[in-house]
Amino acid sequence: MEIATSLLHGFAVALAPANIFWCFVGCFLGTVVGILPGLGPAATIAMLLPLTYNMNPAGGIIMLCGIYYGAKYGGSTTSILLNMPGESSSVVTCIDGYQMARRGRAGPALGIAAIASFIAGTFGVIALTLIAPPVAAFALSFSAPEYFALMCLGLSLVVLLAGSSLIKALLSMLLGLWLASIGTDLFTAQARFTFGQASLLGGVDFMLVAIGVFAIAEVLSSIEAGEEAQLLPVPSGLRNLLPSLEELKACRFAFLNGSVTGFLLGVLPGAGATIASFISYGIEKAVSRHPEKFGTGVPEGVAAPEGANNADTGGALVPLLTLGIPGGSSTAILLSALIIWGVRPGPLMMQESPDVFWGLVASMYIGNVILLLLNLPLVPLFAQILRVPVYILYPGILGISVVGAYSVSGRLFDIALLAGFGLLGWLMGKLKYPAAPLILGFVLGGAMERALRQSLTMSQGDMSLFLSRPLSACMLALAVLLLLSPLAGRVNRWRVRAVTENG
Amino acid sequence: MGKALWRDGDVISGAVLSALGLYIFLQAQQWNYTGPDGPGPGFFPTWYGLGIVALSLVMVGHKIRKGALAQEGAIDWRAAGRGLGTWAAFTVSVALYKPLGFTVSFALLTCFIVAVIFRRPLLTALLTAVGIAAAFHLTFAVALDVALPTGVLGF
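These protein sequences, in sequence, are chains A and B. According to my numbering, the first sequence is numbered sequentially starting from -1. According to my numbering, the second sequence is numbered sequentially starting from 26.
Hints are supplied without guarantee of correctness; some may be wrong.
Said to hold, decoys possible - Taking lysine-lysine and the DSBU-like style, the derived pairs with C-alpha atoms no more than 30 Å apart in a straight line are:
hint : chain 1 : residue 1 : chain 2 : residue 2
1    : B       : Lys88     : A       : Lys430
2    : A       : Lys430    : B       : Lys91
3    : A       : Lys247    : A       : Lys283
4    : A       : Lys247    : A       : Lys291
These aren't lab readings, by the way, just hints derived from the structure by calculation. On a predicted model such as this, the values are computed, not experimentally measured, just so you know.
Just need the whole structure built from these sequences, with the hints factored in.
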């Protein structure tokens, strides 16, 4: 009952004309970003974040979240029409989606992707609505040691699933912790790693790291790859986009499979939409009566992964909003956005900022409807975006990155840092160091150090405090187990297969 | 084999990271490890600094042990030229913000990317550069009143 009342309050916030407008803007931008290969939601959210500083927090987070889940809708369009995923989470959609398009069924393939995204996306939001309040209530019992242990657990999951090399993922995370330490220590006012630069006393702005490592690095990688592909004919007219009754019937289980698998994997930090889409595709193939047809253009092969990557959004927001723990790059940037606006994600967020929490949840119901309406009849229009020459697109992204970064502080020093982080992100990509652990280490680094130092102050330096408290002991034990699990050959083979497909 | 190993991305990055880890560790030793209220500012960096050193050495050691297979991880730096060239041009344009301002520097960067990196005709490059730079100036500086770096020309 309390949830229903809160959700109604959320709808009152989300249905305010300004918030509907921001929701539409976010969904629209998300779809565009999803369609464009080489530009992801994390980079877009990072680029646009500085422009939202003066916005109302509810409107701002509604728009940024719209980009996050809208990109997953848009990602399927390029997979189906170009055989080139717009998003990593749409990689698996290429397998059957492109084959359907080659057989002249591009319209129904796009239609199934949009319908599956809508069903699973809505399922994910319903599950978020029902699960978030009890998780937040449970997290109220957490103190500094539990938070430290929880962050260790979250980071270890992200590290485990971030790349095929566990060592590189760990190094990336530690690099993030170091970047987070740069600046003035809040406990003692000691300047750390500032290299004598007064500009670094306030620390490195999250925006510079995020825009550099994602937006600039993505542009550099895309320019280097120089891929160009042939766009298949885009079907026009709503009738040509609707799947047949037989195709919808064949997708019944795929809709359910994608919804449940996507949500459950979304809750786990590090797993993410890409792994969810591969696992749901695997399940679909395993339970199918005609597994041999997968890969030749079956509608279930489109519905399951597209559903999973959209249901993942609702799952990913559970730890972010109730515990303040992001599970991936995009949610890490959303966490920073909330903190910048003065909203504290965590167990008290529902009480302290009900407008933001419930407004966001309610806006996601509306956003899914907007996306269905945008993606079914307007797909032919969106597909035209793919005709924008890349030599116009990439300088444009570089320009927006600079404007976004400069608008935060107005310092040229920050733009130089941005260029440095761009190079770092590009080199990390080339050397196969995953970027997600770096960004999560950077976002959680300050809070993690604070929780560790508060805990040790509580226990007067006695480390056994973490083991004497059942919850923190369990979480730390689980974190250690996760990090040691690759030593077991079979687990490591599964892990490497999952993350290789992810990449 | 030895030469190939030193061109290996994992070995180079491992060496750089172990040097960084050592620097972090040594810096952290200059700050209090513990204080009267608990751990000091040197506590956390000491541990992750050591972690970086240990992990990067393990990575390099693993690569050296693999020896002959090291070329698997070698990077084709020639192929990376387009990305690196774009980054260098971007960095030069950032350096030019102070004398030339954002709009002119950005137009030069765009012109370089279109003409040199994408090998389009110079006229296309010039038109694209002027068009994008003007669009940015009108959208951000004029319409949205967003502050952009200005040069000696005043824009």
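For each hint, the structure was consulted:
The straight-line distance between the Cα atoms of B:Lys88 and A:Lys430 is roughly 15 Å, inside the 30 Å bound, and the hint therefore holds. Restraint check: the Cα-Cα separation between A:Lys430 and B:Lys91 comes to about 18 Å, which is no more than 30 Å; the hinted pair holds. Distance restraint check for A:Lys247 and A:Lys283: the Cα-Cα separation of roughly 16 Å lies within the 30 Å cut-off, and the hinted pair is therefore satisfied. Distance check on the hinted pair: A:Lys247 and A:Lys291 sit about 16 Å apart at the alpha-carbon level, within 30 Å; holds.
In the structure shown, no violation is registered for any of the earlier numbered hints.
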